[in-house]
Amino acid sequence: MGSGVSKNNLNVVHQRPEVEMATNRRPISDEVVQLRPRQDQDHTNEERREMISMVEWESLLTRTYKKYADSFPELEDDLLTIFNSLRKLRKAVNDKSKGPIIQYSEVEETLEELAVKSCDIFMSAGTNDSENFNKLMSFIVEIEGATVLHSFVRNCFEDYYNETTDNEISTSDQEEIYTCFESLSNALATIQNFADFHDGFCLASARDGVVQTCMDNIKRIDRENDDWQDQDEKSEIIHILEACTGILHNISRRLRDRQWFANSDETLLYFAKVKVASIAASALLCLAYLVNEETNHLITADKNLLRFIIRMLDEAWQSEDRRSDGFSVTELAEGLSHLAINDNNKEILGSEGAISVLTSILKTSNDDEERASAAKALWMLAFKDSNKVIIREGDGIMEILRTLQHSQNAEVQKAAAGALWEIEGKTAREKTDQTKEGSGNHVMISYQWDAQEVLFQVKNQLHANGYRVWMDLEQMGGSTLEAMAKAVEQAAVVLICVSQRYKESPNCRSEAEYAYQLRKDIIPLMMQKNYKADGWLGMLLGTKLWIDFQSKHIVDSGVTKLIRELAGRGKDVDHTDGLPAARSRNLNLEDELAQMDIADLKSKVGQRRPLQNDQDHRSDVNKEHNNEERREMISLVEGEALLTRTYMKYADSFPELEDYLITIFNSLRKLRKAVDNNDDDDDSDDDDNDDGDNVEDALEKLFTTSCRTTTNDLEQSNTLVNFFFEIEGATVLHGFVKNCFEDFYDETDNEVSTSDQQETLCSALATIQNFADSHDGFCLASAQDGVVLTCLENIERIDRENDDWQDHDKKPEIIFILEGCTGILHNISRRLRDRQWFANSDETLLYFAKVKVASIAASALLCLAYLVNEETNHLISANKNLLRFIIRMLDEAWQSEDRRSDGFSVKELAEGLSHLAINDDNKEILGNEDAISVLTFTIMTSSDEEEQESAARALWMLAFNDSNKDIIRQGEETMEQLRTLHHSQNAEVQKVAAGALWEIEGKTARDRSDKTKEGSGNHVMISYQWDAQEILVQVKNQLQANGYRVWMDLEQMGGSTLETMAKAVEQAAVVLICVSQRYKESPNCRSEGEYAYKLEKDIIPLMMQNNYKADGWLGILLGTKLWIDFHSKDVVSSGVSKLVRELAERGKDVDHTDGFPEVLIPKTEASTLTKQPSGPDVAGWTNEDVKKWLREIG
0 MGSGVSKNNL NVVHQRPEVE MATNRRPISD EVVQLRPRQD QDHTNEERRE MISMVEWESL
60 LTRTYKKYAD SFPELEDDLL TIFNSLRKLR KAVNDKSKGP IIQYSEVEET LEELAVKSCD
120 IFMSAGTNDS ENFNKLMSFI VEIEGATVLH SFVRNCFEDY YNETTDNEIS TSDQEEIYTC
180 FESLSNALAT IQNFADFHDG FCLASARDGV VQTCMDNIKR IDRENDDWQD QDEKSEIIHI
240 LEACTGILHN ISRRLRDRQW FANSDETLLY FAKVKVASIA ASALLCLAYL VNEETNHLIT
300 ADKNLLRFII RMLDEAWQSE DRRSDGFSVT ELAEGLSHLA INDNNKEILG SEGAISVLTS
360 ILKTSNDDEE RASAAKALWM LAFKDSNKVI IREGDGIMEI LRTLQHSQNA EVQKAAAGAL
420 WEIEGKTARE KTDQTKEGSG NHVMISYQWD AQEVLFQVKN QLHANGYRVW MDLEQMGGST
480 LEAMAKAVEQ AAVVLICVSQ RYKESPNCRS EAEYAYQLRK DIIPLMMQKN YKADGWLGML
540 LGTKLWIDFQ SKHIVDSGVT KLIRELAGRG KDVDHTDGLP AARSRNLNLE DELAQMDIAD
600 LKSKVGQRRP LQNDQDHRSD VNKEHNNEER REMISLVEGE ALLTRTYMKY ADSFPELEDY
660 LITIFNSLRK LRKAVDNNDD DDDSDDDDND DGDNVEDALE KLFTTSCRTT TNDLEQSNTL
720 VNFFFEIEGA TVLHGFVKNC FEDFYDETDN EVSTSDQQET LCSALATIQN FADSHDGFCL
780 ASAQDGVVLT CLENIERIDR ENDDWQDHDK KPEIIFILEG CTGILHNISR RLRDRQWFAN
840 SDETLLYFAK VKVASIAASA LLCLAYLVNE ETNHLISANK NLLRFIIRML DEAWQSEDRR
900 SDGFSVKELA EGLSHLAIND DNKEILGNED AISVLTFTIM TSSDEEEQES AARALWMLAF
960 NDSNKDIIRQ GEETMEQLRT LHHSQNAEVQ KVAAGALWEI EGKTARDRSD KTKEGSGNHV
1020 MISYQWDAQE ILVQVKNQLQ ANGYRVWMDL EQMGGSTLET MAKAVEQAAV VLICVSQRYK
1080 ESPNCRSEGE YAYKLEKDII PLMMQNNYKA DGWLGILLGT KLWIDFHSKD VVSSGVSKLV
1140 RELAERGKDV DHTDGFPEVL IPKTEASTLT KQPSGPDVAG WTNEDVKKWL REIG
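Per numbering that gives the first Met the number 0, residue 0 is the first one in the sequence shown, and the count goes up by one each step.
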């Protein structure tokens, strides 16, 4: 039943189902891997076992057993029982090929032992025994118990179905079939119980395909047994269905990851409506953990079923083991809180006595998990007004919540405080009139915890611009929810950080609804790609326009827009360096409209053809959030007023740019009008000519302004492109370009039309290209509006319909257009580096990267270079002549006055070379074709830190080729420039120069001085890519708490501190390599990983990315090592338990008491590093030099 199976339910009398038998097969084989879902194939234990011989594998499992037995001698009997039981089951699975049916009698005793042990484990939750049982579960996962049990169950299901053509159970082999069912029943019960208790077991089972197996079999049993719902509740079929749906519930509850339940909604929804309440409850609760508020209609439940779940909860809290039908109090209360996402369920649960039952739990329970789950369920129910009344008037409910508000457990405290706030907090604060206190003092950031990293940057930048910012950095709970209320009340503006998780969080909902209730100014920040708010959040935000903060790459441009929107609200009154307040904030709508051509506005109402009407072929992902859709949410007059208000705000803030701003504003209005009137057949020829003149003039001015944005005056350029972006220039230009392409093709024979049309199209493309060259926000807006697809479709069509276009002299206009389109694609790929906008584009880009026109081929190749990873980098293996052409462009660019060649800047050409150098063939060609010399001159002649950093990074990437190492090492100028940059005040420049020096000479120099022997084995080193820091800080803290000395770079060290990294590797007992695609692509990480490998350090891989399979240099380095899973916060605790066992005593602090040992990383600032004089060369440093330097920096 449900979540766990008790000992009493393990053996029952069964009938045999009338179902079909599948063909026999051997599960632990290639055949099984092929039958698993695709997502389950990447990292199954089977694949990893195939890399080593069976003998080695058996030896590995035995070694694991011995390790656990040595570490936990008090568990030795249990460990041995489990180990031998799983070996017998594995043997039974592997021996299936010897006969049509497994000899179940041989494993009967083994299965019963495992089933009983699983009962003991799942019943131990919350008891003093749970720690020991956690150790047993970790052991089971490590010796691949999930895979063995799953394989055995699959074989049982096959044998359970009869081979006869009429799909009836065979009358022969009665005893065998009966025993087969018993075996299947015990095996399913064991999986169910283990999954009820342990995250790691759930994850291993999901990866091995258990979810798919359960789904397939419950569907088949239902399909082939029409009357199963009318059978006795102790029938075989019901017993199997209960176990399968129980397993599905446990995995969904513990993992809460839809990837394992792809396309399962229909099946779960069906079983949630069957007549057998126990099965329906498991299916419904499983679904409740997988839906979001957008799909929560799926869990609208029948009153009788919700009544059944409430009854189970009522029985559970009164029972001795705090369970009912296998479900614990915690998981039933937790399930109710998830079902209460649905408003209909909220009402039924409230009216059917759920509140009373939850209150009884709070009154009788001493378990923090039970209390937190019950209080959270009350909190969720309290979002319904009728439930608020029931809770407020209920006997003792408010008193118990107030008591729990001061619990020592943070989760209990937070849930109780949230419920109290929703029930009475807002009303109470209104009565005391606290909303007037200090109103308007600060900007409040209301966010869900997952977005903290990006928002911390936003907070810091707002601080730097003089704003007072309130942001909860501690996940506050309990009485501190009162502080949140005060923060809302005293806010000038509330920033609501929009995402699906924000919407599902009761904390976030309380904050947002309170801000809305107080009529605070709200600015939405969009934190999730392609997310469209609906439900309570959609109603609260209404038609507000959001500012994009979907990734770290666009934080700077987002903050710039945010500061303009804030316009001084929430600013520290003593701050003088920020932007001036915009005058337009004091204007009303009528004032603004009075400044506009009202007649022109009125003439447009009802006539406008929305820009997206003829864009139906655009991919769905590009439709959701384009600016046109958002404009449709407000009236045309309000929309025009909004754009005018934006212009006035910029003109006030940047008076020195007023001429450019008015030019951009008026030019875009003319283009918008041209787009809207494109299909108007009533215009006279004179009007057409006038419009044409207006458009040409507008385009010429826009193009001239766009050229200014590619100059070195970055601050003014950013301001102009920000303005252009905010008044929806990307959407207007894209709409205009689409119309130009339509006119460009002749309707009768698809030949090119007039030269005027060609010039207009080329000017529009060049304008987009220039704006995209300098601004992330413009690139994102263009990509969302479909520009990438437009460019790809049209370069394909032009090539298809013009066979001879590559002969330059015949069709130069075609080449101009293709250069414009491929230039746009290059700029967007370089700035966004997001493959979602370039879906299915590889073939097209690869084709154009091989055309005869070098400028087009270079743009296509560089575009592709930003989209591939090391696994697909063979796509950018380039022709020698094309790489020679790119090197020549860089050589021309560094020598030119504007530091550009053919429109490419020095920085982007050097950056492009570093990406092309991911491919080993390219590395060699670039080295042979003098790229190193050109990059050296680039550094020598540049005073721009971004250029220096890009060129030094390209040298670093090239240095991973041995012949290039020699060229760089022998080039005195190159080495001198790198050593100079090594002491740059810029942290990024310093880091890449240090990385290049390390790769070229650092390892060798340290080998010569024999530093690898010093202090070997002192600590555990964590080698990781910066994106994984949040999880790994938890790992570091837990390892320190277990007595380990841990070295972890928490400062993104650069410059000479890379020497410290080398010493950290040398002195490590073990190096933890945190495996992900980003780790593999990072030159820093590669240097660390390869140096550890070279010194033959013990390496333990930690898997940080779901479904990732390391190959290339990282795959070779890791070899057949088995990784430990750390791909999410949910598995950190179980992962650390495994890691501690794998480490044993290696890296342990011998003097460890109860405190954390000192972390070896130096706390440095880039500025501290630059205070040193020119200093010794890295290669010449001695041990004393390193110690002296460490003392100097503290």
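Since the hints were made in silico from the structure, they are not lab data. There's no promise every hint is true.
Here are the in silico distance ranges between beta carbons for each label pair [what the hints assert, rightly or not]:
#1 E944 - R796: 23 to 33 Å
#2 Q456 - G541: 33 to 43 Å
#3 D802 - E265: 42 to 52 Å
#4 P811 - R832: 45 to 55 Å
#5 V388 - Q715: 54 to 64 Å
#6 G352 - D1129: 26 to 36 Å
#7 D231 - S58: 19 to 29 Å
#8 N1036 - P72: 22 to 32 Å
#9 D231 - A1143: 21 to 31 Å
Taking lysine-lysine and the DSS-like style, the derived pairs with C-alpha atoms no more than 30 Å apart in a straight line are [to be verified]:
#10 K849 - K66
#11 K90 - K528
#12 K87 - K134
For each residue, glycine too, the CB sits at the ideal point set by N, CA and C.
A quick look at each hint next to the structure:
no.	hint	verdict
1	E944 - R796: 23 to 33 Å	violated (42 Å)
2	Q456 - G541: 33 to 43 Å	violated (28 Å)
3	D802 - E265: 42 to 52 Å	holds (50 Å)
4	P811 - R832: 45 to 55 Å	violated (32 Å)
5	V388 - Q715: 54 to 64 Å	holds (59 Å)
6	G352 - D1129: 26 to 36 Å	holds (32 Å)
7	D231 - S58: 19 to 29 Å	violated (49 Å)
8	N1036 - P72: 22 to 32 Å	holds (28 Å)
9	D231 - A1143: 21 to 31 Å	violated (53 Å)
10	K849 - K66	violated (57 Å)
11	K90 - K528	violated (48 Å)
12	K87 - K134	holds (21 Å)
The structure does not agree with the numbered hints 1, 2, 4, 7, 9, 10 and 11 stated previously, though it agrees with the rest.
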